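Asks: Each chain, written out:
Protein chains: 2
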Amino acid sequence: MGDYSRDDMKRINYYIEENRSRFIDELFQFIRQPSVSTRNEGIQSCAELLAGFMTKVGIKVQIFKKSHHPIVYGEIIKEGQPTVLIYGHYDCQPPEPLDQWTSPPFEPMIRNGKIYGCGSSDNKGQLFTYLKAVETLIQVEGSVPLSLKFLFEGEEEIGSPSLKPFAINHRQLLKADLALYSDSHIHESGKPLLILGFKGMLYVELIVRIGSRDLHSMQATSIPNPAWQLVWALSTLKDRSNHILIPGFYDAVAEPTPLERKMVAQIPYDEQSLLNHFGIKDFLPGRDNSNYYMNLIFEPTCNIAGIVSGYVDPGAKTVLPALASAKIDFRLVPNQEPMDILDKLNHYLEQQGFKDIKIVPHMFIEPSRTPIEHPAVEIIKCSIRQVYGEDPLVLPNTGASGPNYIFTGLLGQPCFLIPYATCDQNNHAPNENMNLESFFKGIYTGITLIQNLAKSSSFRD
Amino acid sequence: MGDYSRDDMKRINYYIEENRSRFIDELFQFIRQPSVSTRNEGIQSCAELLAGFMTKVGIKVQIFKKSHHPIVYGEIIKEGQPTVLIYGHYDCQPPEPLDQWTSPPFEPMIRNGKIYGCGSSDNKGQLFTYLKAVETLIQVEGSVPLSLKFLFEGEEEIGSPSLKPFAINHRQLLKADLALYSDSHIHESGKPLLILGFKGMLYVELIVRIGSRDLHSMQATSIPNPAWQLVWALSTLKDRSNHILIPGFYDAVAEPTPLERKMVAQIPYDEQSLLNHFGIKDFLPGRDNSNYYMNLIFEPTCNIAGIVSGYVDPGAKTVLPALASAKIDFRLVPNQEPMDILDKLNHYLEQQGFKDIKIVPHMFIEPSRTPIEHPAVEIIKCSIRQVYGEDPLVLPNTGASGPNYIFTGLLGQPCFLIPYATCDQNNHAPNENMNLESFFKGIYTGITLIQNLAKSSSFRD
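As given, the protein sequences belong to chains A and B, one line each in that order.
Heads up, the first sequence is in numbering that gives the first Met the number 0, so the first residue is 0 and it goes up one at a time.
Heads up, the second sequence is in numbering that gives the first Met the number 0, so the first residue is 0 and it goes up one at a time.
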């Protein structure tokens, strides 16, 4: 590693400098094409545009249209070489509220070294670094030193509903030694990050209906109130020290390894500034760790994301509601399984006598965590160090949930997320932006990674 | 009682028959004038129209405009005679949804023996029976046999905010031996009713705000969730057997007298048809009585009228809310006091550690119950029997809350509510109606009541 020739490096630098403005122009074209998945706006055109960019780079492309929004698949096969799968998504969030954008969301513009535009960092800019890295290697070296597969979907912002069925039906096509992607942001401290997993999720709605219509609240002497049923049921799920009371909920939780704990302990943070940032006085009581990151990464949650019943407009109305519902998201850690947690929840509520509560599941996402001891971790850390001049922070997983389990679980590939966006990228929000220098650092990191992975086979099964 | 001459009765019957269509015409005029208090629509005109009707009857009228909507006061003073105060309201609810009315809400129309129109029964038609009773007595007998005071407000449908201050400032003007009014409906069984009181109410909103904005729900590992705080707080207010847990909540509850219990036990009801009516399988567990009416009348309540936090639209969103709120109505029985219950609630939540919960009171209504042993009860029962041919059911109070405490508490008057509307009157709803024959029975009851009360002084202090 790190021993490719100075000449090679010079020619790579030269190629990137020479083509700098064209790279930006192409990324602008990519951003200019709206691709709002939730309302199917520009999705087809964006898939074709992306396929065109890939073909021009020298990637063999196939567009799979069977899924709701097309999956753009590409490959460069080097027989006998290790295979790296690169995942990304070309869809973006709706840009609303439009009046809060300084420049229009689909008219990319550079201000203060940042490319502003909807989808600029999430995920068009970060995805594009891989294409430009591959282009550079092909143009400078004549080819890439390993097999590459590209899996770009158009439904990430709506929960990737087609990705899992696609993966199930194309196991062979997607076979690889490891998966790489860049769809997050570097740490608040400015340090680069290497993310090894995501939390899972079980998202359920609890619904209680009693009677056929809202009644005058004087009937509360005799008629059961679904809001009370719901409150009592919820209060049995978690105690005031934030311990989740569903029997067996914690049974499958994998104890973090000493190395995982060590990595997380290294994440810099200032408790007081975090409290200020969130506008609160104290963190939750009852956590296992006082360390914010230890909890964020290793603790599963049971969160009320929404609750509603009866009269919720201003003022007073005396109603006995007929309907009450709550939305609950459980963030799960390895090796909890969303289906198993749902069974346990069902069983517990029934056992507690809440037979009238209907449980409607909305989302199942399995947790994923590529082992921190995996040999590719060191290769990737080293590659990042070569570009950034410092080691990345390593997160066993983030606090959020994502589709990594499709790679780690379903396809059996270690999966690594290396973010290039800065932490002020405003993703899912007005004035989303991609830092220009981070974009080019991403291209360099991609090149270095491909070179270093090609030189080592230690990460192959 | 009941011994006025057959000649008198004949002349009264004759007068009412002769003037039947004019009475209906005048009531139509009254209904035709919109008087939607919540949006101040037609209120002034309606107050003046009502004052005109009263003046024509022979009542000395004053319009008090100092309050938000005018109070129309009238009197006929007979020195040395007992004084009866008649209360009513000329305002009505908004008629919406308009498309559910068979005929337009402010164009009264008779169909199947019922006058349809917004305000027809609540309260214009029922109020009007007193005016026509007084007119009949004056026209037939030359005068009324006792002093009458009339207190008609235009804010009942918005919670009577000016009535209490008006009563405080006009104690002498409103001094009377008893108060009468008609603003409800007869019993489902078709039996006439005599209502002696109302429940009180404390209506509060519990508000929990944590942090300044909604967060990504991954923060649930460290950031407190106001919806959980609220759920835990609510679950400490009432247990699953519906016992209210606020210390001292039941302390002031007056034990029903044997006569009150006896009266309530006589109310006919069919448990299964009530269950069907409400669309439920079982009544609440944990009540003191198995009798629906015993609970409705004698039990105080703690009802969740509304609760909301976080994401409540369809589908899934993973948010950690910054705000949660619940609206709670406590229906109170004699001698509970809303201010005292508020203090106890405050103290209890604080003691339970819910210091971040803000309690915003919306409504204070004191419970009222005129003693069932009051001597006027027998006079009124007898008057109703003369008109209906059967004894009324006597309710110590209804399950609802009303302004009776202004009479019973503030002004120290026994207060009696005699409904004339039928139970299918649709008040506060499209196709509100007043049964024509009930309207005329109301006029006869008013006449009989005035005559009988004049003959007895046993009800005077």
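Read the hints as simulated data drawn from the structure, not as lab findings.
Keep in mind that this is a model prediction, so the values were computed, not measured.
Watch out, some of these pointers could steer you wrong.
Since copy identity is lost for identical chains, a pair holds within one copy or between any two.
Think about it this way: if two alpha-carbon atoms lie no more than 27 angstroms apart in a straight line, the pair counts; the simulated BS3-like pairs of lysine-lysine are [what the hints assert, rightly or not]:
| no. | residue 1 | residue 2 |
| --- | --- | --- |
| 1 | K64 | K261 |
| 2 | K316 | K343 |
| 3 | K163 | K316 |
| 4 | K343 | K9 |
| 5 | K454 | K148 |
| 6 | K280 | K357 |
| 7 | K280 | K354 |
| 8 | K59 | K148 |
| 9 | K64 | K440 |
| 10 | K454 | K357 |
Asks: Any hints from earlier that this structure breaks? Give me their numbers in increasing order, please.
Replies: 1, 4, 9, 10
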